[in-house]
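4 protein chains.
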Amino acid sequence: MIKAGIIGATGYAGGELVRLLLNHKEAEIAWYGSRSYVDQRYSSVYQNMFQIVDAKCLDDNMEQLAKEVDVIFTATPQGLCASLINEGILSQAKVIDLSADFRIKDRKTYEQWYNLEHKAPQFIEEAVYGLCEINREDIKKARLIANPGCYPTCSTLSIYPLLKEGIIDGNTVIIDAKSGTSGAGRSAKVANLYCEVNENIKAYGVATHRHTPEIEEQLGYAAGYPIHINFTPHLVPMNRGILVTAYASLKKEVTYEEVKAIYDAYYGKEQFVRVLDKDVCPETKWVEGSNYVDVNFKLDPRTNRVIMMGAMDNLVKGAAGQAVQNMNLMFGFAENEGLQGVPMFP
Amino acid sequence: MIKAGIIGATGYAGGELVRLLLNHKEAEIAWYGSRSYVDQRYSSVYQNMFQIVDAKCLDDNMEQLAKEVDVIFTATPQGLCASLINEGILSQAKVIDLSADFRIKDRKTYEQWYNLEHKAPQFIEEAVYGLCEINREDIKKARLIANPGCYPTCSTLSIYPLLKEGIIDGNTVIIDAKSGTSGAGRSAKVANLYCEVNENIKAYGVATHRHTPEIEEQLGYAAGYPIHINFTPHLVPMNRGILVTAYASLKKEVTYEEVKAIYDAYYGKEQFVRVLDKDVCPETKWVEGSNYVDVNFKLDPRTNRVIMMGAMDNLVKGAAGQAVQNMNLMFGFAENEGLQGVPMFP
Amino acid sequence: MIKAGIIGATGYAGGELVRLLLNHKEAEIAWYGSRSYVDQRYSSVYQNMFQIVDAKCLDDNMEQLAKEVDVIFTATPQGLCASLINEGILSQAKVIDLSADFRIKDRKTYEQWYNLEHKAPQFIEEAVYGLCEINREDIKKARLIANPGCYPTCSTLSIYPLLKEGIIDGNTVIIDAKSGTSGAGRSAKVANLYCEVNENIKAYGVATHRHTPEIEEQLGYAAGYPIHINFTPHLVPMNRGILVTAYASLKKEVTYEEVKAIYDAYYGKEQFVRVLDKDVCPETKWVEGSNYVDVNFKLDPRTNRVIMMGAMDNLVKGAAGQAVQNMNLMFGFAENEGLQGVPMFP
Amino acid sequence: MIKAGIIGATGYAGGELVRLLLNHKEAEIAWYGSRSYVDQRYSSVYQNMFQIVDAKCLDDNMEQLAKEVDVIFTATPQGLCASLINEGILSQAKVIDLSADFRIKDRKTYEQWYNLEHKAPQFIEEAVYGLCEINREDIKKARLIANPGCYPTCSTLSIYPLLKEGIIDGNTVIIDAKSGTSGAGRSAKVANLYCEVNENIKAYGVATHRHTPEIEEQLGYAAGYPIHINFTPHLVPMNRGILVTAYASLKKEVTYEEVKAIYDAYYGKEQFVRVLDKDVCPETKWVEGSNYVDVNFKLDPRTNRVIMMGAMDNLVKGAAGQAVQNMNLMFGFAENEGLQGVPMFP
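Protein chains in written order, with the numbering used here: chain A, -10 to 335; chain B, -10 to 335; chain C, -10 to 335; chain D, -10 to 335.
Derived from the structure by calculation, the hints contain no laboratory data. Misleading hints may appear alongside valid ones.
Given that identical chains are not distinguished, each listed pair holds provided it fits within a single copy or across any two copies.
Derived pair list, reagent style DSSO-like, types lysine-lysine, alpha-carbon separation capped at 30 angstroms [what the hints assert, rightly or not]: (1) K45 with K287; (2) K14 with K258; (3) K97 with K258; (4) K153 with K130; (5) K287 with K267; (6) K97 with K130; (7) K258 with K45.
Please model the entire structure based on the sequences and the hints provided.
This is the structure we're talking about:
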């Protein structure tokens, strides 16, 4: 049984980490960090944990935390993990950072898109991008994990096989993504009020969203050449779920069976990626509360393009679930430990 | 490991039974019964089960089913279980009926409110009303369980202690209940279409809802005298959850502490009933996906009444979860086996 | 053509006033007051007004405003109108206050429930409670209108006829009310975030909500004796709408036809109160965007109670629409001017 | 005052036509046609019309109807209008068909995508495609209007100016569209139940949706050459609203100001198309209930593409509102008569 500490335990991703770790047989939570709620009972913030979690919230003293736990999760805004981390911490505890601080290998790209000076550039190289299905072996050996963004996880897994196999042209990729509102976090803003989000849909961050360079970097690795994409996120009136609809031009003529065989080759043995049957479109509801990503594709010979689709729960595979999956890999647990929950419907 | 069969596996309650039993360590599903989808793959109906459940749907041959399983769940409309059940079946398998067929001890009351002739009156007496917190010992010995209705479960648990202790006058009880739309089932009706339910709230079945006599019977046992109540259900634009707000006149002067002590005495050791802290109102979201019922109360000295509140997930404690809890009691499993999931938020 | 000024034009009720007044043939808006958005274009706050309203937001200088307009609407939190109003203002412009400042005739009751010292008690007596269907003649002559609260409007109109006619016992009245989230206003609070409200229902302010004494005062006028009620509001995951379900004991035996005749006598000639057909329950969706209140009732001989129901749009008849209706009465316009919009469905 | 008849008055588009025409000063509804509800009171189907509409539903006898009214709206599934229409009808009444029957000039394309034999090919040539902003002069003279589809209206208006001006390459156009659920109609299907749509988003009809050839035809007229596009609709958990996010490659280098000037040139004088300010993304909520289309664009020099966005209410500008706008043009009324309602928010 390992001990886990969470910095940022009262955000939505932090709360989801708590939910998942409470069902984990090999880990227990020893530190509920929340700067905003220090000394308050965790279950007074998340009443669903009433009589389940008795602990009070602690601060974000990462140095102290490193002495007490085996693994630290930072579910905090960009910049915080980089400002706290150091070699002493990493020598005592593994760190899984759910923020963007260590996702992008090119420091300048990070600083430009996030408009922020990187406080710990010395760890960028070491950090492993925690997209488990793709970097599994490196994750097992890592001290520091950059847990992928929600949009990049769903986008990359949907597109990766066809790009890697040279079926599509990377620079024709257009990603139109739709997210539930929990992705916007739990801070009190007028734009996230019920009445503003409900009965509404909009695009945001058009051509400027910070997940763009993260996706481009990962797709670039798959393609073997630099890629520029269009990425447009949308806010959808639902709590959870991300749907990605991606478009790309085919580099050669392919049949349904050939493309299906590629997806199956990449994901057939994966526990958390399901390649759906022909003509079944992924729906976010079918994966709610679980660590699954459902993917599928449709060829359109009229335009010589392929439409690639993916659906997942943004708080699970898009954040806390993938963080637990990374922890499982790092500590040699069964990869699906704590993640066996069947998706909830309706 | 016991074998379970489900008749009505493709309704919402049936689907929830599948979700819960898949995480159960002592039971496995051997029969997915669904008259409407015979021979179709279960996961083609509930795509969330894709690659999790490979079975096809079977019919509702209860006699055959009884030979193959240890426990049969009937998650079907009223009348079906009563029309299929017989002594041969009960001698081979335990039966947990999620419909109303065996909930009401007075046959005439059943036939009048349900406008239906009872086809198996000989089992009414034997059937145990499966409200686990109240009838636990009888449930352990039962062959046939009448799994309580969703509204009656939440209403009875909210009101029971104060009625049993003679704090309130049973004939002043007014129950104003609110339910998510999954309670209306999965049949295709205009009134349940998204656009009709969304952005809308209404009462229905005012003074005529069939759960009224069921609640009255259970409250009557608590009070020790016959009770007539007002019960008004409302349809709320959400998938899951029932909230009960109940009103009753106090028979004597009581303090907050005294009433709190009563609730604690009844529920303090219960795993699935949480008596909330002072002034915290139950919210359906705090119990979503779990078997919990959250209860609380507020005294109003201005009117000499008490307001009793309860919240639960109608598909879990209000249907499939309680059915599993009953199965656990009947087979001597840990009462919370398969039901340890932490409520999901948001 | 009269000129209208709005203080608090960027709250939800203020925005609704703008929407309604823009379609009003006899009034034009001359002042968009919003302390939070001074000097910003109104349509940058409410983008639905883009190219429709060109004005910028002004402050809440009520003295200046009174010189420029014929009628002032204050759609602001309690206390503000009372702190600004004076005889000079009232001698120049009529004032319709959408806050609670002048609704309650007993100053101590106001100060106790609102925990606020009343800054203009000298106008309490003069102010007319603007429930148009009941106080129509007084409204026509008023300088200062206390525009009723949303819950009190729906509750009072649903219950008034039976109380006035002595059919029900006022002290048995229990009001269980449900409101859409716009009633909570547009301020940025965690509790009103999309993810906290969506898929959730809860009671709030149980036995302590500030609309209680307002309802009790109005019902007391109807009954002719002091009344204490239970009033429990609930937050529903929808933008607009209030549903009231009220219970009371019958003082005598009555038939459906007798009660229907009473409702028809009170509301048969009213343009904005619709008494529905037998067994049709009011639904908030059927009145959305309009100034209608739909009411109906159900007798329950089993308990000797009547269930009274009402549905309306909380931002229209519950706030801005009733304010416009009051303005129409005060200035001698057609009572339905600007309020002819048919409810929007779905 | 002209008389209007509606065939299909009880569908969602039909209901919206009724709502809009009731506020129209120059037209009155003389025929509420609804095969499913013949002889039932219209307001028993749409309770929002209670005490507003007293008429009963009539059948779909178009010949009889033509004798009694000046204009006929057919708000029915594809095939019905074509099967009923004839020269006699057109010589007596103008017809505005809200279905797809006369939208596509190439009969074979229609029959192939709709899998339906066209029953009145002799009127295809004469029918005018009722996209008012583009075909205004032809509409004024027409007897038969093919009222555009919801997706084609929003898509075409968003893309048209840049295609017409040769700024973008038509064959690179990709349209990712999102629609509220009223677009799926009012028929009782499991897939449209509240619990299936709520908290869910999915693509549907990928590469096969019937609005594809309609959009291609209209964009082809703008471009002056044949165009093939990708069009992917998505179902969003909201009642109303369509959002279009369209992508295309730029044929030349352009600045924001140049592109803005083009949109302004096309739409600056239009009453119902609003070109939003820089960096303001269209949101469906900002146009709800109104006939507006809000459009905007974003240049992405990194990929040499432009993202074009449009939002509208699918039942108004996407169906009934545009139908009324067409009627206004055909009869010489003010183009915005009956359509002046300000969008409702929230």
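Consistency of the hints with the structure:
For the identical chains of this complex, K45 and K287 are inter-copy neighbours only, at 27 angstroms across copies versus 50 angstroms inside a copy, given an alpha-carbon limit of 30 angstroms. Taking the closest pair of Cα atoms, K14 and K258 come within 30 angstroms of each other both inside a single copy (24 angstroms) and across two copies (24 angstroms). Taking the shortest alpha-carbon separations for K97 and K258, neither the intra-copy value of 37 angstroms nor the inter-copy value of 45 angstroms comes in at or below 30 angstroms. In this homomeric assembly, K153 and K130 come within 30 angstroms of each other (Cα to Cα) only inside a single copy, at 24 angstroms, whereas the closest approach across copies is 57 angstroms.
With identical chains, the CA atoms of K287 and K267 are at most 30 angstroms apart within one copy only, with a shortest distance of 8 angstroms there and 35 angstroms across copies. In the homo-oligomer, the alpha carbons of K97 and K130 lie at most 30 angstroms apart inside one protomer (27 angstroms), although the nearest pairing across protomers, at 61 angstroms, exceeds that limit. Taking the closest pair of Cα atoms, K258 and K45 come within 30 angstroms of each other only across two copies (23 angstroms); inside a single copy the shortest separation is 41 angstroms, beyond that limit.
Hint compliance for this structure: hint 3 is the single one not met.
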